[in-house]
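*Asks:* Sequence:
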Amino acid sequence: MRSYSPDLTPPWKKRATPAPEVPADPDLVVEEVSTGFCGAVVRCERTAEGPTVTLEDRFLKHRVFPLVPGGFLLEGRVVTLVRPSAAAAPARPARTASGSVAVPGARARVARAGRIYVEGRHDAELVEKVWGDDLRIEGVVVEYLGGIDDLPAVVADFAPAQDARLGVLVDHLVPGSKESRIAGAVTGADVLVVGHPYIDVWEAVKPSSVGIPEWPRVPRGEDWKTGVCRALGWPENTGAAWQHILSKVHSYKDLEPALLGRVEELIDFVTAGSDA
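Residue 1 is where the sequence shown starts when you use the working numbering, and the numbers rise one by one after that.
If you're looking for bench data, these hints aren't it; they were derived computationally from the structure.
Cβ atoms here follow ideal geometry from the backbone N, Cα and C, with glycine treated the same way.
Take the hints with a grain of salt, since some may be wrong.
Stated by the list, open to error - Pair ranges (Cβ atoms, derived):
#  : residue 1 : residue 2 : range
1  : G227      : D163      : 26 to 36 Å
2  : Q162      : R220      : 39 to 49 Å
3  : A156      : T54       : 18 to 28 Å
4  : P257      : G132      : 25 to 35 Å
5  : A231      : E256      : 34 to 44 Å
6  : H244      : S34       : 45 to 55 Å
7  : G221      : R181      : 13 to 23 Å
8  : P18       : K253      : 24 to 34 Å
9  : F59       : A161      : 30 to 40 Å
10 : V29       : R95       : 43 to 53 Å
11 : R181      : T47       : 49 to 59 Å
12 : K206      : T35       : 49 to 59 Å
13 : L232      : F37       : 21 to 31 Å
Unchecked claim - Think about it this way: if two alpha-carbon atoms lie no more than 30 Å apart in a straight line, the pair counts; the simulated DSBU-like pairs of lysine-lysine are:
#  : residue 1 : residue 2
14 : K225      : K61
15 : K129      : K178
16 : K248      : K225
Kindly generate the complete structure, drawing on both the sequences and the hints.
*Replies:* Okay, structure coming up:
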């Protein structure tokens, strides 16, 4: 009969020589040996239990692991990650507010013929704050309608074409609504109308970012923004309230996914029409 050693130490820990030390520089991609979790180094920290490294996988999931000898694989080799020196650690690529990789020194592109329209000024200001850098690089101009009722006339006047596509972001675009009927009447090969389910773009900002538990429910027939201010105990000045809300938005992380996906969809649609 074959005899088995009582030593259950994994082979990668039975090294005759110590695993080589590698600085845990930002964006270094490694695999943690015991779990198989593979990701890029986000940061190293000192904790009461010892130094740790945080890895981010391709799904943007983060996990924290201790920096132990021989605890990681780098290109198939067992290595020991060590904290990088402050001088040697390269900066992580800068990100725009939308989460895209920033392009240092990039100039704004000449505006495309295509456009993105949003319903109101607040929508436009929010899109500019989060996607402004991306839009300038892509040469996409965002304008606001002041309401959706005149959208058919706006589309007819714009005369969309393959090299001049029109994207429209609509509030409260739900089945059976007035907005959905208007959207259906103008949508075509070179016109894309998308929307979010919120009554107003204010609701697309996460309540936690604003510092409230949730957005209040406002009785039907009452002006929604005024009702929100009243329910939250804010002065009934919707302009000032919006500036307060907007000041709490620093990146895409402060917005609801239902809005994020729709804006990205519009940018892709408009920029796919032409490289000019």
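*Asks:* If a hint holds in the structure, say so; if it does not, say that too.
*Replies:* Comparing the hints with the structure gives:
no.: 1; hint: G227 to D163: 26 to 36 Å; verdict: violated, 44 Å
no.: 2; hint: Q162 to R220: 39 to 49 Å; verdict: holds, 42 Å
no.: 3; hint: A156 to T54: 18 to 28 Å; verdict: violated, 53 Å
no.: 4; hint: P257 to G132: 25 to 35 Å; verdict: violated, 20 Å
no.: 5; hint: A231 to E256: 34 to 44 Å; verdict: violated, 19 Å
no.: 6; hint: H244 to S34: 45 to 55 Å; verdict: holds, 47 Å
no.: 7; hint: G221 to R181: 13 to 23 Å; verdict: holds, 21 Å
no.: 8; hint: P18 to K253: 24 to 34 Å; verdict: violated, 40 Å
no.: 9; hint: F59 to A161: 30 to 40 Å; verdict: holds, 38 Å
no.: 10; hint: V29 to R95: 43 to 53 Å; verdict: violated, 18 Å
no.: 11; hint: R181 to T47: 49 to 59 Å; verdict: holds, 57 Å
no.: 12; hint: K206 to T35: 49 to 59 Å; verdict: violated, 31 Å
no.: 13; hint: L232 to F37: 21 to 31 Å; verdict: violated, 42 Å
no.: 14; hint: K225 to K61; verdict: violated, 36 Å
no.: 15; hint: K129 to K178; verdict: holds, 28 Å
no.: 16; hint: K248 to K225; verdict: holds, 17 Å
Figure legend: structure checked against the earlier numbered hints; hints not met, in rising order: 1, 3, 4, 5, 8, 10, 12, 13 and 14.
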